[in-house]
Amino acid sequence: MNTRHLNTVWAVLLLATLATWAIGEIGDQLGIAGPLAMFLLLTISFVKGRLVVLDFMGLRGVKFFWRGLLIGWLLLVSALIAIAYWIALK
Amino acid sequence: MGQIKASRRHPGDTPGMDAAPAPSHPGHGPAAAPPGDLAIWFFILAELLAFGVFFAAYAFARAHDVELFDSMQQTLDRQAGALNTVLLISGSACVARAVEAVGRSRSATGARWLLAGIACGGGFLVVKGFEYADKFGAGINLSTNTFYMFYLSLTFFHFMHVILGMVILVALWVKTRQGAYGPADMNGIESGAAYWHMVDLVWIVLFPLVYVMR
Chain Y
2 MNTRHLNTVW AVLLLATLAT WAIGEIGDQL GIAGPLAMFL LLTISFVKGR
52 LVVLDFMGLR GVKFFWRGLL IGWLLLVSAL IAIAYWIALK
Chain H
58 MGQIKASRRH PGDTPGMDAA PAPSHPGHGP AAAPPGDLAI WFFILAELLA
108 FGVFFAAYAF ARAHDVELFD SMQQTLDRQA GALNTVLLIS GSACVARAVE
158 AVGRSRSATG ARWLLAGIAC GGGFLVVKGF EYADKFGAGI NLSTNTFYMF
208 YLSLTFFHFM HVILGMVILV ALWVKTRQGA YGPADMNGIE SGAAYWHMVD
258 LVWIVLFPLV YVMR
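From first to last, the protein sequence lines stand for chains Y and H. Here my numbering is used: the first residue of the first sequence is 2, the next is one more, and so on. Here my numbering is used: the first residue of the second sequence is 58, the next is one more, and so on.
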């Protein structure tokens, strides 16, 4: 992993954090609320988590088994949060 | 674990290589094992499992009392949570740069990046400390309500992991300064770095879930 790529990942993670924060601060005014906000927040955190797993943890070039375990964790946790959110809407 | 490590690529093997997800060992397919010691990965998986159960418990508890959770969430300091996300992401990036530098035999540079990572972790603890002081000062504790029971226990569980991660980073910094790691011996620094990234990974889910989602 070269430094330029690590810096790019860092910048993307910071921008994604800004997006998460903005949804919390001005999401309502932008019409991003409720299930749409939930979906966007989970998507952003998945994208961020995936970058940390692949590029910071260095699993990009490793057998799928290991990447699958960590990215699978992200997907499972996101799915459980989404299901709980959906139940809360009822 | 040595035989597994032997098939691994080190960051310095292909200087200037592009970011493409290339096979880590050309001709041999992807590396069999992740960076660092295999044992740390089992530890990381156990930690992720624990946090995963905690996150699910929070989400389903919220489903039972949405009004309480949504109103209590408004009493949290979202700016502090966002700042702490920036600090942990930056700390993680610094440690990734440290591993990259050590992989190119640049221990002094690696040590400086580790120190920057430690500073980010310290910043996280300070910001979280102010948040806790604010809440405790307002008389909030574990028995205030279900939301705060989860908020305090979940974030404090994570807080303890940041402290452990910083202890590991300090140990790595001391050894890196002594030149203990290099392209031929990345095991220790990669293992410690993986743990630190796990602490970041968990917060990446925790922040939107607890501070933002409503």
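Hints are computed from structural coordinates only; laboratory data are not their basis. A virtual CB, placed ideally from N, CA and C, is assigned to each residue, including glycine. Mixed in with the good hints there might be a few duds.
[As the list claims (entries may be wrong)] Below, in silico cross-link-like pairs of lysine to aspartate or glutamate (EDC-like), each with a Cα-Cα straight-line distance of 16 Å or less:
no., chain 1, residue 1, chain 2, residue 2
1, H, K232, H, D242
2, Y, K91, H, E124
3, H, K185, H, D134
4, Y, K91, H, D122
5, H, K192, H, D242
[Stated by the list, open to error] Reference listing, derived: stretches of chain H covered by chain Y, where coverage requires no fewer than 3 residues with Cβ under 8 Å from a Cβ of chain Y:
no., region
6, 112-119
7, 139-146
8, 150-163
9, 213-225
10, 236-247
Q | Agreement of K91(Y) and D122(H) with the hint, judged by alpha carbon distance not exceeding 16 Å | A | holds (12 Å)
Q. If you draw a straight line from the CA of K232(H) to the CA of D242(H), is it 16 Å or shorter?
A. holds (12 Å)
Q | Satisfaction of hint between D242(H) and K192(H), Cα-Cα up to 16 Å | A | violated (45 Å)
Q. Do three or more residues of the region 139-146 of chain H come closer than 8 Å to chain Y, measuring C-beta to C-beta?
A. holds (count 4)
Q) For the region 112-119 of chain H, do at least 3 residues have a Cβ located nearer than 8 Å to some Cβ of chain Y? A) Since 5 is at least three, the answer is holds.
Q) Has the region 150-163 of chain H got at least three residues whose CB is nearer than 8 Å to a CB belonging to chain Y? A) Since three or more residues must qualify, the claim that chain Y covers the region 150-163 of chain H holds, with 6 doing so at under 8 Å.
Q. If you look at each residue in the region 236-247 of chain H, do at least three have a Cβ nearer than 8 Å to any Cβ of chain Y?
A. Violated, because only 1 residues of the region 236-247 of chain H bring their Cβ atoms closer than 8 Å to Cβ atoms of chain Y.
Q: Quickly compare the C-alpha distance for K185(H) and D134(H) to 16 Å and report which way the hint goes.
A: holds (10 Å)
Q: Examine the region 213-225 of chain H for residues whose CB is less than 8 Å from any CB of chain Y, and state whether their number is three or more.
A: violated (count 0)
Q: Assess, step by step, whether the Cα of K91(Y) is no farther than 16 Å from the Cα of E124(H), and give holds or violated.
A: Judged against 16 Å, a Cα distance of about 13 Å means the pair holds.
The structure fails hints 5, 9 and 10 (numbered hints given earlier, in ascending order).
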